[in-house]
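Engineer: Whenever a hint applies, use it, and build me the whole structure from the sequences.
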Amino acid sequence: MDKDAKIYVAGHRGLVGSALMRQLNAQGYNNIVTRTHAELDLTNQQAVTDFFTSEKPEYVILAAAKVGGIHANNTYPAEFIQENLAIQTNVIHQSYVAGVKRLLFLGSSCIYPRDCPQPIKEEYLLTGSLEPTNRPYALAKISGIEMCWSYNRQFGTQYLAVMPTNLYGAGDNYHPENSHVIPAMIRKFHEAKVNNQPAVTVWGSGTPKREFLFSDDMAEACVFVLNLPNDILKSLLASDRNDGLPPLLNLGSGNDLTIAELANLVKDVVGFNGDIVFDATKPDGTMRKLMDSCRLNQLGWNVSTSLSTGLQLAYQDFKNY
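Taking the working numbering, the leading residue of the sequence shown gets 427, the next gets one more, and so forth.
Please keep in mind that the hints were generated in silico from the structure rather than gathered at the bench. Be aware that one or more of the hints could be misleading.
Listed next, the in silico DSSO-like pairs over lysine-lysine satisfying Cα-Cα at most 27 angstroms (straight line) [what the hints assert, rightly or not]:
1) Lys-492 <-> Lys-708
2) Lys-527 <-> Lys-429
3) Lys-482 <-> Lys-660
4) Lys-429 <-> Lys-660
Label-pair restraints from in silico Cβ distances [unchecked claim]:
5) Ser-734 <-> Asp-701: 20 to 28 angstroms
6) Glu-687 <-> Gln-623: 20 to 28 angstroms
7) Gln-623 <-> Gln-544: 32 to 40 angstroms
8) Thr-735 <-> Asn-470: 39 to 47 angstroms
9) Asn-456 <-> His-519: 25 to 33 angstroms
10) Leu-683 <-> Ala-625: 18 to 26 angstroms
11) Val-523 <-> Asp-428: 20 to 28 angstroms
Here the structure is a predicted model, which is why all the values come from computation and not from measurement. Heads up, the beta-carbon is just placed ideally off N, CA and C, and yes, glycines get one too.
Structural biologist: Okay, here's the thing in structure tokens:
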């Protein structure tokens, strides 16, 4: 991408989008287009059509989505599938109409079957049943991948889906009920420390294993992928085949740990001196989700921020929240 290329970042205020903005700015891209939700409702077909007609971006990074943890997915399943399907359908189709050169679609590791082999390879998509607690969200994201694949095959577009593992970092959502595991833990342990509570209760048994990636590393990988040479990118797009391997790249750190180990790490970073209690009556979700990121690593990108360093940066961000 030229430094003055017009790049539309959809969802620029979220955890993913804000990291992308930092990375693009740091690398000298100077023609970034953004819209807040108040300025552009991406679920509104006509509004999205008008936006693409007037702005004509050259590159699109689709990071806008309705997201949340287990509680939010269980509580608002209709909203998770309806809003995400609408956003994706509008942005991907209008990118085609407007002649966008490349589009990057951001998804989630929950697209993969609940019980698929570990680590999870891209070809495991649609090979088994999904985790019920986030199935509506996962199906919406799978539909987005299928849209990228279909437009590549029919129209020769360059639309690639990137599936990051569990992300955390600056600009995260620290809501006590609707946030993901790391920001939820940071808030719980911080409030317990401030209020001199004797213990912190963590949902689930503590035994599931999870992989985490610092959001700024994710953003660096996305810009790296958008800048791949045409011949290398074409090999990832599945634009001339229908062999079962979608235009999809896993993006992870390559390491996972148990929720109990994570809780102890967060406890140490925050400086909480009490106990940790695990509430096994709460759902654990999938027992393990480790991404196989070999395809991306072989292209030349590798993670640079350790979990301990990332957690310290995330906690500083929370204290400024």
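Engineer: Hint by hint, note whether the structure agrees.
Structural biologist: Okay, the hints, checked on the actual structure:
1. Lys-492 <-> Lys-708: Between Lys-492 and Lys-708 the Cα gap is close to 23 angstroms, so the pair holds against 27 angstroms.
2. Lys-527 <-> Lys-429: Status holds; Cα separation ~15 angstroms.
3. Lys-482 <-> Lys-660: holds (23 angstroms)
4. Lys-429 <-> Lys-660: Holds: Lys-429 and Lys-660 sit about 22 angstroms apart, inside 27 angstroms.
5. Ser-734 <-> Asp-701: 20 to 28 angstroms: For Ser-734 and Asp-701 the Cβ distance comes to about 21 angstroms; the hint holds.
6. Glu-687 <-> Gln-623: 20 to 28 angstroms: holds (21 angstroms)
7. Gln-623 <-> Gln-544: 32 to 40 angstroms: Holds: the Cβ-Cβ distance is about 36 angstroms, inside 32 to 40 angstroms.
8. Thr-735 <-> Asn-470: 39 to 47 angstroms: holds (40 angstroms)
9. Asn-456 <-> His-519: 25 to 33 angstroms: holds (28 angstroms)
10. Leu-683 <-> Ala-625: 18 to 26 angstroms: Between Leu-683 and Ala-625, where Cβ atoms are some 21 angstroms apart, the hint holds.
11. Val-523 <-> Asp-428: 20 to 28 angstroms: holds (22 angstroms)
In this structure, none of the earlier numbered hints is contradicted; all agree with it.
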